[in-house]
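Model the full structure from these sequences, guided by the hints.
There are 2 protein chains.
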Amino acid sequence: MGVDLPASTSLSPGIQAMIPFLYAAWSDRHLSVPEVESLRQQAGALPFLTEEDKPVLREWSDPARPPSRERYQQWLSSGRLAAEALPEDRTASLAELGVWLGLAAEEDPDARRDFWAAQLPALQELEANLGGVQEDTYRSLFPLYDQRQKLAEAITESRIDPNDLQRILEGERAGIIARTKKILLRPSFDRPTLRIKEDYREQVLRWCRELAQEGIGALSYPPEYGGEDSMSEYAGAFEAIAYHDLSLVIKFGVQFGLWGGAVYNLGSKRHHDRWLRETGTLELPGCFAMTETGHGSNVRGLETTAVYDHEHRELIVHSPSIAAGKEYIGNAIHARLAAVFCQLIVDGESHGVHAVVVPIRDAEGHVLPGIRVADNGYKMGLNGVDNGRIWFDQVRVPVDNLLDKYGGITEDGSYHSPIRSPGKRFFTMLGTLVGGRVFVPRAGLSAAKSALAIAVRYGLRRRQFPSESMRSETIILDYPNQQRRLLPLVAKAYALQFGLDHLLDRFVARTPDDMREIEAMAAGLKSYATWFTTAAIQECREATGGKGYLAENRITDLKADTDIFTTFEGDNTVLMQLLAKSLLTEFKKSFQEDGNIAVLKFIGRRVTTMVTEQNPYVVRQTDREHLESPGFYQTAFHFRARRLVTTLAQRLRAYIKEGKSAYEAGLLCQTHMIAAAEAYVEQLVVDAALDRLEGLETSDVSETSDVSSLLKKTIQLYAVHTIEGHAAWYLESGYISGQKSKAIRKLVDKLCAELRPEAGVLVDGFGIPDKLLGAPIAVV
Amino acid sequence: MGVDLPASTSLSPGIQAMIPFLYAAWSDRHLSVPEVESLRQQAGALPFLTEEDKPVLREWSDPARPPSRERYQQWLSSGRLAAEALPEDRTASLAELGVWLGLAAEEDPDARRDFWAAQLPALQELEANLGGVQEDTYRSLFPLYDQRQKLAEAITESRIDPNDLQRILEGERAGIIARTKKILLRPSFDRPTLRIKEDYREQVLRWCRELAQEGIGALSYPPEYGGEDSMSEYAGAFEAIAYHDLSLVIKFGVQFGLWGGAVYNLGSKRHHDRWLRETGTLELPGCFAMTETGHGSNVRGLETTAVYDHEHRELIVHSPSIAAGKEYIGNAIHARLAAVFCQLIVDGESHGVHAVVVPIRDAEGHVLPGIRVADNGYKMGLNGVDNGRIWFDQVRVPVDNLLDKYGGITEDGSYHSPIRSPGKRFFTMLGTLVGGRVFVPRAGLSAAKSALAIAVRYGLRRRQFPSESMRSETIILDYPNQQRRLLPLVAKAYALQFGLDHLLDRFVARTPDDMREIEAMAAGLKSYATWFTTAAIQECREATGGKGYLAENRITDLKADTDIFTTFEGDNTVLMQLLAKSLLTEFKKSFQEDGNIAVLKFIGRRVTTMVTEQNPYVVRQTDREHLESPGFYQTAFHFRARRLVTTLAQRLRAYIKEGKSAYEAGLLCQTHMIAAAEAYVEQLVVDAALDRLEGLETSDVSETSDVSSLLKKTIQLYAVHTIEGHAAWYLESGYISGQKSKAIRKLVDKLCAELRPEAGVLVDGFGIPDKLLGAPIAVV
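Top to bottom, those sequences are chains R and X.
Using full-length UniProt numbering, read the first sequence as starting at 1 and increasing by one per residue.
Using full-length UniProt numbering, read the second sequence as starting at 1 and increasing by one per residue.
Don't read these hints as lab results, they were simulated from the structure.
There could be a bad hint or two in this list.
Restricting the straight-line Cα-Cα distance to at most 35 Å, the calculated cross-link-like pairs of lysine-lysine (DSBU-like) are [claimed, not checked]:
1. 713(R) with 581(X)
2. 746(R) with 581(X)
3. 581(R) with 713(X)
4. 712(X) with 589(R)
5. 746(R) with 746(X)
6. 742(R) with 742(X)
7. 771(X) with 742(X)
8. 657(X) with 750(R)
9. 182(X) with 657(R)
10. 746(R) with 182(X)
11. 657(R) with 713(X)
12. 742(X) with 588(R)
13. 182(X) with 657(X)
14. 742(R) with 182(X)
15. 657(X) with 660(R)
16. 742(R) with 746(X)
Bear in mind that the values here come from a model prediction, so they are computed numbers and not experimental data.
Here it is, written out as structure tokens:
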């Protein structure tokens with residue numbers, strides 16, 4: 001706060017600390033003589049009271065000698081002044097005030113800070129033992145008491161226990177999330193202001209090491225390399241770390257997920273034995289050198305080469321141009337090894353992209369000969385991550401460093417691969433790296449949840465403009481506009497959690513057969529979720545006004561750090577097109593495989609839709625029961641997803657018939673493709689959320705019925721708000737009438753208003769500890 | 001770049017510098033003997049060639065003795081290596097390469113940097129005199145030659161001269177904009193990386209002083225105080241400064257606009273005499289202390305008091321609580337005086353909010369007794385602005401410090417004001433400060449233009465994924481999705497310029513009678529334009545991918561710095577409601593004033609609309625001629641604006657009839673109010689843009705016809721894209737059919753494609769010098 005207390009009076013620190021208690025004792029006149037006696041006795045045992053203090057205290061708490069009006073006023077006024085200066089994250093309690101007053105009266109407060117902090121528990125006990133201190137006493141001492149109280153009420157006004165929500169959101173990852181949070185709450189994880197990238201990077205490296213030492217880094221590796229063989233645990237740790245610092249989670253992901261993942265997924269056992277354990281402990285920092293300046297998302301067109309030299313059994317790794325340099329590589333400044341993606345050339349023949357492990361620094365951290373590294377400099381955010389560019393100048397490494405699970409070089413110097421088709425080989429290799437797209441959106445969702453928790457709590461606390469009664473200003477979140485801004489985002493965070501969990505479950509249980517589908521799903525969900533993160537945090541920034549613009553309230557860092565999520569691990573627009581292509585392939589395949597039956601099925605479904613959904617009655621149906629039924633929004637989501645793929649296929653075919661090439665036709669339908677992919681993802685999210693709800697309802701835990709009806713309403717809001725967002729499309733398609741579109745808009749308003757009293761508990765359900773949230777405006 | 005050149009060979013710097021010329025001379029074999037002779041002669045005169053160099057040069061350029069294949073290859077390879085390392089902002093020329101090679105061969109390059117930079121002109125002349133060096137020569141030397149060339153072509157492929165566009169955009173402010181830019185291009189305005197707020201603030205203060213010394217700060221003040229009495233010139237300077245650094249423009253606005261404006265607009269002549277001249281030169285830094293922590297946008301509820309003490313003829317300025325502290329005050333750390341907004345209390349009676357000038361620091365910069373200032377700390381952006389919180393503890397100032405144009409205290413100690421009604425007085429005082437809302441959106445628009453220029457140029461330069469021919473990857477801006485992202489924003493920037501110019505003209509020519517209207521207009525345009533700024537820069541960030549996330553490419557700073565524009569000078573949501581209320585008042589007034597005639601007019605207009613616009617033919621009309629006609633979109637915009645106000649009035653009336661209070665009714669219609677306000681602003685923007693176009697078409701400058709048809713298409717895109725954004729509403733209202741809605745969407749696609757070849761010239765038309773743009777990815 002930077003606000004100093006007024007100069008202390010001549011009273012000793014010990015007596016100053018007792019002032020709030022003396023004031024309360026005399027203010028609440030109903031205190032009985034024995035109660036006051038007990039106060040005197042307990043106070044006498046406090047370590048900060050000197051021998052000189054004790055008679056003063058005895059005198060001032062003598063039931064027979066009430067204080068003069070003047071002294072009583074003095075107590076009130078010192079208490080009030082201190083209360084005003086009390087940091088916003090402290091509760092409005094006599095104990096906190098006592099500590100604050102005692103500290104302020106010290107000659108050298110800095111030296112005594114720890115001492116006074118340690119007095120808090122004893123004073124809290126004293127306060128509890130005072131018995132019912134009246135509300136008015138607190139109100140007279142604490143200028144913001146009512147506001148704080150109101151927030152506490154606003155949060156607790158719901159009948160729901162946030163822990164129930166948290167349990168549902170965290171599912172089987174609750175254990176690892178709690179374990180990770182516990183580490184993150186250690187004092188060593190306090191977040192200082194780090195403006196200079198070098199300092200920030202060192203701090204993040206230290207944090208990362210501490211996590212590694214606790215075994216968090218290796219969670220997904222097999223036990224023989226120090227891990228627990230659990231992708232699901234790794235995912236839980238990842239999303240929890242994202243509540244703390246986004247640079248840390250990215251650095252963590254680069255080291256253990258990307259670099260470690262490349263060794264684990266693309267290498268053979270000898271590679272695992274050589275590098276995996278030390279990777280998990282962060283004794284061996286590594287990086288993942290894929291992207292090149294000249295290419296970005298087009299991995300297949302990488303220019304870096306690895307030429308095989310049979311004579312020396314070596315690979316010569318080389319960047320043929322500046323633009324072929326590896327770009328934006330995380331861990332580039334700390335890494336000792338790099339998994340370098342390059343075109344493997346054997347006997348003059350290129351076998352496509354492979355990964356080669358290249359040492360880039362020695363054990364002392366000096367860059368090795370032939371390696372050039374340049375710092376990427378400051379970025380919008382994530383300045384705790386050491387991104388850099390890397391070039392290779394004819395760097396020779398033993399052929400053994402080729403990560404050869406999907407393609408290696410035999411003793412006799414010839415290339416071999418278990419996968420014959422270079423295209424299939426390439427996609428299989430990339431497929432093993434899909435994990436990034438499964439985890440990144442989870443970190444993004446955590447960041448969005450943090451911002452939403454901050455903004456919603458601020459909305460419950462902050463008042464603006466006198467309301468009618470003129471007694472107090474209106475709570476911001478009581479403005480419908482503010483509800484409209486935040487509540488659909490909170491609802492979407494819930495829905496997305498269920499969608500991402502579904503993806504994670506599929507990913508964890510994956511088989512080669514469903515990899516294509518999971519990859520497509522991951523591409524879509526990564527994009528959808530990270531776009532949500534960007535939009536949600538931006539909205540939170542605006543909804544918290546000037547306060548949200550201050551770095552101390554964290555929304556700014558959340559925004560800056562996650563803004564690149566829409567770009568890295570594959571640019572969202574590119575990923576959405578990948579998904580659309582996969583949807584088209586599936587669509588075509590269903591026709592090819594089933595032949596005429598498929599056509600009949602297709603026509604049949606179309607006719608059914610016309611009859612059951614697009615009939616004049618349903619198109620105009622606006623009763624709340626219909627609009628709130630899962631059946632309505634599920635059919636609406638499915639209709640959109642199906643229709644957009646069908647029309648996409650038709651448009652593409654028409655263009656090709658006109659003589660356009662497949663490439664040109666794709667280009668012309670680009671926007672359409674992205675819409676089709678989005679519709680698929682939304683259908684997936686709503687289905688996953690409804691499945692989860694159904695699971696809750698049929699579970700035999702009866703006390704969850706309130707929770708599940710809250711969640712039901714939350715998912716409803718997500719669904720109806722999403723349909724509202726596509727209202728133009730539904731109207732154009734004749735799926736809803738103008739009246740129905742208006743009714744949907746009104747329903748969104750209504751659901752927002754109905755969820756307003758639950759807003760506090762909904763964000764508390766995210767389970768983010770106050771300390772990790774970190775924003776003064778968000779603390780009760 | 002951080003990329004070092006390879007170690008130089010044994011050749012001297014002078015000879016190294018000649019290598020590109022030697023290579024070119026021998027590569028372009030058609031050079032005649034006299035041409036080579038002339039090269040030798042000119043080169044002989046170059047100051048960097050030593051006596052030892054000259055015979056070498058003579059030997060190597062002897063037409064009779066061609067170089068060996070080996071030497072020729074050596075030249076090419078040194079040239080290429082240097083060309084790769086050439087910073088991206090240098091042109092692909094032999095001269096640049098020569099300078100670069102010469103410098104790299106120096107033993108101590110740092111010491112010789114300036115020397116070699118000074119050689120450029122002579123080498124450029126040499127290059128020009130070489131005559132037609134073939135394209136292939138450049139292509140073989142410069143790896144990115146084709147890309148650079150392509151961008152240059154992409155920008156120049158249009159027939160339009162960007163200067164013509166710039167002239168139209170800048171209008172009568174072209175002179176001041178050029179004058180300001182000239183100052184900003186001085187080396188003293190180079191932008192270093194400033195991560196620590198204290199350093200950044202000092203830099204901004206120095207910049208601000210330099211502008212003040214040039215008379216830019218005082219532009220809006222009367223000549224007797226060093227000014228030019230021109231709000232319009234001030235506006236031009238303001239938007240030009242925003243091309244340089246947003247912290248600077250805000251600091252500039254606080255000092256000269258807010259603080260100076262308060263003295264000028266709320267004070268009397270004696271205040272002007274005392275403070276205005278030194279304010280304009282920045283010898284007297286001041287701040288504008290209005291907002292309080294506890295209140296934000298609700299100025300009327302400020303808690304700071306100024307109690308009049310007749311005995312001493314003094315005002316006692318006091319902050320009664322922590323929350324009553326002045327919050328977020330720009331210039332708080334540098335200011336010596338503060339215009340403090342407080343409740344004026346005379347004889348125990350409050351006369352509402354007034355401004356009092358309170359000294360807060362002495363001439364040495366020490367904080368005065370009774371004043372407490374706390375730094376606001378780091379913010380998302382604008383860290384070069386010293387925002388802080390200020391509290392006053394019973395601070396006494398002479399009553400003469402009351403800015404008393406609208407309310408003062410007489411000799412006998414009684415309050416007097418030329419405006420009797422406290423409400424009207426309050427709004428009159430606030431009204432004089434509307435300037436901020438006229439200027440801030442202009443700065444926001446400048447920032448958006450910078451981001452758009454960077455993103456569009458990057459889109460023209462960057463390639464991704466091989467296109468069909470596989471010869472080169474596709475230019476990003478050739479992807480329809482990328483066009484969709486950026487071109488409507490470019491179009492909107494043009495439309496907004498015309499809208500904001502209209503507002504500025506009205507503001508400059510304002511009379512007391514139209515102040516209310518101008519205030520409402522300013523509230524709306526400020527919100528609409530700053531929301532645009534936020535959205536546009538965000539889109540540019542995403543559209544430039546990883547490159548856009550690097551601080552060096554400036555989009556990140558533009559984003560972080562302007563993000564608060566939607567909040568300060570009045571929160572946008574609050575301002576939009578103000579505008580809506582004013583629209584409702586006008587709407588009601590028209591009925592009250594004209595009585596039955598108004599009702600008849602209203603019904604008449606409604607019927608006309610039904611017949612001319614909402615008839616089944618027009619609702620379904622999808623021919624391009626209709627959709628592109630200004631008539632169509634103008635009527636559509638007006639219809640929406642009118643309809644939303646009418647239905648808003650009806651809804652409010654219905655709620656009140658139901659027994660709800662005006663306050664409750666307003667709350668229930670909040671979203672509707674904002675929509676109505678937005679529709680009004682959009683109508684205003686499209687009208688202003690069409691007016692401007694009409695002016696161009698009827699002007700007798702015949703060579704502008706190409707320009708005006710380009711502008712026409714640009715405004716069309718803005719209009720049609722805006723209608724597309726409201727498609728759901730138009731469909732619901734039965735104003736367009738589903739078919740027409742689809743046709744509108746297709747038209748947006750088409751206009752984007754048609755404007756794609758003009759994208760380069762459109763952003764060049766913004767007239768932002770490359771140096772101010774500053775982003776390496778945006779430089780040809």
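Hint check:
1. 713(R) with 581(X): Cα-Cα ~33 Å, so holds.
2. 746(R) with 581(X): 22 Å, holds
3. 581(R) with 713(X): 34 Å, holds
4. 712(X) with 589(R): 47 Å, violated
5. 746(R) with 746(X): 30 Å, holds
6. 742(R) with 742(X): 20 Å, holds
7. 771(X) with 742(X): Distance ~43 Å between residue 771(X) and residue 742(X) Cα, so the pair is violated.
8. 657(X) with 750(R): 21 Å, holds
9. 182(X) with 657(R): 57 Å, violated
10. 746(R) with 182(X): 54 Å, violated
11. 657(R) with 713(X): Roughly 31 Å separates the two Cα atoms, so the pair holds.
12. 742(X) with 588(R): 26 Å, holds
13. 182(X) with 657(X): 62 Å, violated
14. 742(R) with 182(X): 54 Å, violated
15. 657(X) with 660(R): 62 Å, violated
16. 742(R) with 746(X): Judged against 35 Å, a Cα distance of about 25 Å means the pair holds.
When the structure is compared with the earlier hints, violations turn up for hints 4, 7, 9, 10, 13, 14 and 15 and for no others.
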